[in-house]
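J.: Line by line, the protein sequences are chains W and G. Those letters in the first sequence? Residues 0 to 93, per numbering that gives the first Met the number 0, in order. Those letters in the second sequence? Residues 0 to 492, per numbering that gives the first Met the number 0, in order.
Among the hints, erroneous ones may be present.
To be verified - In silico SDA-like pairs for lysine to any residue, Cα to Cα no more than 25 Å straight-line: (1) W:13 x G:206; (2) G:248 x G:397; (3) W:73 x G:452; (4) G:359 x W:20; (5) G:58 x G:79; (6) W:16 x G:335; (7) W:42 x W:54; (8) W:75 x G:455; (9) W:75 x G:42; (10) G:255 x W:33; (11) W:73 x G:192; (12) W:16 x W:35; (13) W:16 x G:248; (14) G:17 x G:42; (15) W:75 x G:246; (16) W:13 x W:48; (17) W:13 x W:90; (18) G:87 x G:163; (19) G:373 x G:54; (20) G:359 x W:60; (21) G:14 x G:448; (22) W:75 x G:314; (23) G:359 x W:21; (24) W:73 x G:254; (25) G:79 x G:108; (26) G:160 x G:98; (27) G:359 x W:18; (28) G:248 x G:268; (29) G:359 x W:46; (30) G:87 x G:47; (31) G:359 x W:48; (32) W:73 x W:33.
Derived by calculation from the structure, the hints in this document are not laboratory data. All of these numbers come straight from a predicted model, not from anything done at the bench.
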Amino acid sequence: MPQQKCKSCLQSVKLTKVELAQMMQKQTEEIGDLLVPIEVYFKRLATCELCEDLQYETTCRYNGMLVQYMTRLKNKQCPRPGGGNGSNRWQSFL
Amino acid sequence: MSINVNVYTDFNEGKISKHIYGHFSEHLGRCIYEGIWVGEDSEIPNIDGIRNDVLAALKELNIPVLRWPGGCFADEYHWKDGIGPREKRKRMVNTHWGGVVENNHFGTHEFMRLCELLDTEPYICGNVGSGTVQEMSEWVEYMTFGGESPMSAWRQENGQKDPWKLKYFGVGNENWGCGGNMRPEYYADLYRRYQTYVRNYGDNKIYRIAGGANVDDFNWTDVLMREAAHLMDGLSLHYYVVPGEWSNKGSALDPKEEAWFRTMKKSFHMETLISKHATIMNKYDPEKRIGMIIDEWGTWFDVEPGTNPGFLFQQNTIRDALVAGLHFNIFHEHNDRVHMANIAQMVNVLQAMILTEGDKMIKTPTYHVFNMYKVHQDAERLAIKQPEDTYEFNGEALPRVSTTASQNSNGEINVSLCHINPREETTVSLNLQGLTELNHVTGSIITASELNAHNTFEQPHNVRTEAYSNFTQHGTSLELTVPPASVLTLTIS
Numbered sequence: 000m001p002q003q004k005c006k007s008c009l010q011s012v013k014l015t016k017v018e019l020a021q022m023m024q025k026q027t028e029e030i031g032d033l034l035v036p037i038e039v040y041f042k043r044l045a046t047c048e049l050c051e052d053l054q055y056e057t058t059c060r061y062n063g064m065l066v067q068y069m070t071r072l073k074n075k076q077c078p079r080p081g082g083g084n085g086s087n088r089w090q091s092f093l
Numbered sequence: 000m001s002i003n004v005n006v007y008t009d010f011n012e013g014k015i016s017k018h019i020y021g022h023f024s025e026h027l028g029r030c031i032y033e034g035i036w037v038g039e040d041s042e043i044p045n046i047d048g049i050r051n052d053v054l055a056a057l058k059e060l061n062i063p064v065l066r067w068p069g070g071c072f073a074d075e076y077h078w079k080d081g082i083g084p085r086e087k088r089k090r091m092v093n094t095h096w097g098g099v100v101e102n103n104h105f106g107t108h109e110f111m112r113l114c115e116l117l118d119t120e121p122y123i124c125g126n127v128g129s130g131t132v133q134e135m136s137e138w139v140e141y142m143t144f145g146g147e148s149p150m151s152a153w154r155q156e157n158g159q160k161d162p163w164k165l166k167y168f169g170v171g172n173e174n175w176g177c178g179g180n181m182r183p184e185y186y187a188d189l190y191r192r193y194q195t196y197v198r199n200y201g202d203n204k205i206y207r208i209a210g211g212a213n214v215d216d217f218n219w220t221d222v223l224m225r226e227a228a229h230l231m232d233g234l235s236l237h238y239y240v241v242p243g244e245w246s247n248k249g250s251a252l253d254p255k256e257e258a259w260f261r262t263m264k265k266s267f268h269m270e271t272l273i274s275k276h277a278t279i280m281n282k283y284d285p286e287k288r289i290g291m292i293i294d295e296w297g298t299w300f301d302v303e304p305g306t307n308p309g310f311l312f313q314q315n316t317i318r319d320a321l322v323a324g325l326h327f328n329i330f331h332e333h334n335d336r337v338h339m340a341n342i343a344q345m346v347n348v349l350q351a352m353i354l355t356e357g358d359k360m361i362k363t364p365t366y367h368v369f370n371m372y373k374v375h376q377d378a379e380r381l382a383i384k385q386p387e388d389t390y391e392f393n394g395e396a397l398p399r400v401s402t403t404a405s406q407n408s409n410g411e412i413n414v415s416l417c418h419i420n421p422r423e424e425t426t427v428s429l430n431l432q433g434l435t436e437l438n439h440v441t442g443s444i445i446t447a448s449e450l451n452a453h454n455t456f457e458q459p460h461n462v463r464t465e466a467y468s469n470f471t472q473h474g475t476s477l478e479l480t481v482p483p484a485s486v487l488t489l490t491i492s
């Protein structure tokens, strides 16, 4: 039988809180010791949540990452482009 | 392990259409927005809103044709929302891709500008699923009519005096699914109706492409050919290499040989699909006038961990490089029927050439294969004979080396090999039959020791093309030492 699935129906950019929590739990377990201290995580996340470039309450427009995940990673930086005053809003938390 | 490959330099098998090296850019994830379009006010250097770094990288690939705006998005796209002053353009919800807000800043004029900057031909996909005949007809008039008419006048008001040249036009997309969930009989009738009003204005002659089958839906091809062959120039086919199932596709960075083998096996399946669909097309079109247009192909993995699942962002490894090379070799083999192919997609989505993060950009292993293979564009394919020689895994076997060869208008011969065995090197005796001497041989290769080797923003050149010279020459034969998991191209003067 030919596969008659519509591929777009399998995807969504909007996540429920439950979906997000499940993803975070699973993926955070896989990250292991690459996490930042919890206070840095909270500061980063608060910055992202106020950012005008946050999409769908979860997603950074510059790299498509879920900020609830990205802000936990040691090796990540705020990906805002430019290098001007607006870029790397996490810098002061490092 | 050794294998003999004979290339018959005096046995021409027809031209390899350059359009096989086409691309696809959809309003999906960060392909158009952020990947290509950043807007004129962006801090990212741009020309007319299109980012310079991505443009320069893509220009190097000699992209012959670019499909837009979808994909599934095409059957929900209303082109009039995307013209005129940007600040007044309608904001809409792209429900096909999970509710994305679309501000329509990248529309017809911006796409045509992108094509102009890339020196590539536009391939527009029209809206059958939720659009009207009038809407489609007026879009073609808007783009291509040079005389006096409401659409032509509107285009001029919006800053484009002369009509654009537009050859390729798709009448709908995946109409068996997101493009309307139609039966082939119903779509065939709609195709006949809609294409009637896709007019040729002046000397602009449109190549009409009918929405084709999903993977192995051979009945779809049969019905479309039976009912509408005389009204089409091309018929599309979509097939993605998904190593697992749709619900669990597999990780792009899976380092295991099992995933590698399954991916290669599913890549070779493209050969079967083309052969079977072509057999049906031959029944109605023995002259092979109608092109098979494989306007969506490539790998489809689970999205990268931590990225929005609706953005379809995946990493790209040496495995993708092999997939790209194998597909090209298969497309070349069917150059009598396959007139165009468009990898999905150009930037940041699925098997992409380019990945971006803010103002950073990296080229993927797939990019490097496209760059390496561009020498075959519009070249004459040469006949090849090589014995079956297999790569085995868990009791299954696949051809170990896939080879293609062509001769360009300068007389240069280019031979490309994909070596899929990831464990052992292979010695290839490449015999160039019909030549009396080899003046100059150069080569390039892409390979990696890890099966999930890839480029990152921190290590952008981890996987890249390098010069290849690990061969010896004996008269008109070359003995090549080919490393595991590699794609290479030799140019012989």
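J.: It remains to establish, for every hint, whether it holds in the given structure.
T.: Status of each hint after checking the structure:
{"no.": "1", "hint": "W:13 x G:206", "verdict": "violated, 38 Å"}
{"no.": "2", "hint": "G:248 x G:397", "verdict": "holds, 21 Å"}
{"no.": "3", "hint": "W:73 x G:452", "verdict": "holds, 22 Å"}
{"no.": "4", "hint": "G:359 x W:20", "verdict": "violated, 29 Å"}
{"no.": "5", "hint": "G:58 x G:79", "verdict": "violated, 29 Å"}
{"no.": "6", "hint": "W:16 x G:335", "verdict": "violated, 52 Å"}
{"no.": "7", "hint": "W:42 x W:54", "verdict": "holds, 19 Å"}
{"no.": "8", "hint": "W:75 x G:455", "verdict": "holds, 12 Å"}
{"no.": "9", "hint": "W:75 x G:42", "verdict": "holds, 20 Å"}
{"no.": "10", "hint": "G:255 x W:33", "verdict": "holds, 23 Å"}
{"no.": "11", "hint": "W:73 x G:192", "verdict": "violated, 57 Å"}
{"no.": "12", "hint": "W:16 x W:35", "verdict": "holds, 23 Å"}
{"no.": "13", "hint": "W:16 x G:248", "verdict": "holds, 24 Å"}
{"no.": "14", "hint": "G:17 x G:42", "verdict": "violated, 35 Å"}
{"no.": "15", "hint": "W:75 x G:246", "verdict": "violated, 29 Å"}
{"no.": "16", "hint": "W:13 x W:48", "verdict": "holds, 15 Å"}
{"no.": "17", "hint": "W:13 x W:90", "verdict": "violated, 28 Å"}
{"no.": "18", "hint": "G:87 x G:163", "verdict": "holds, 24 Å"}
{"no.": "19", "hint": "G:373 x G:54", "verdict": "holds, 17 Å"}
{"no.": "20", "hint": "G:359 x W:60", "verdict": "holds, 14 Å"}
{"no.": "21", "hint": "G:14 x G:448", "verdict": "violated, 35 Å"}
{"no.": "22", "hint": "W:75 x G:314", "verdict": "holds, 17 Å"}
{"no.": "23", "hint": "G:359 x W:21", "verdict": "violated, 30 Å"}
{"no.": "24", "hint": "W:73 x G:254", "verdict": "holds, 24 Å"}
{"no.": "25", "hint": "G:79 x G:108", "verdict": "holds, 11 Å"}
{"no.": "26", "hint": "G:160 x G:98", "verdict": "violated, 35 Å"}
{"no.": "27", "hint": "G:359 x W:18", "verdict": "violated, 30 Å"}
{"no.": "28", "hint": "G:248 x G:268", "verdict": "holds, 17 Å"}
{"no.": "29", "hint": "G:359 x W:46", "verdict": "holds, 21 Å"}
{"no.": "30", "hint": "G:87 x G:47", "verdict": "holds, 18 Å"}
{"no.": "31", "hint": "G:359 x W:48", "verdict": "holds, 23 Å"}
{"no.": "32", "hint": "W:73 x W:33", "verdict": "holds, 5 Å"}
The structure fails hints 1, 4, 5, 6, 11, 14, 15, 17, 21, 23, 26, 27 (numbered hints given earlier, in ascending order).
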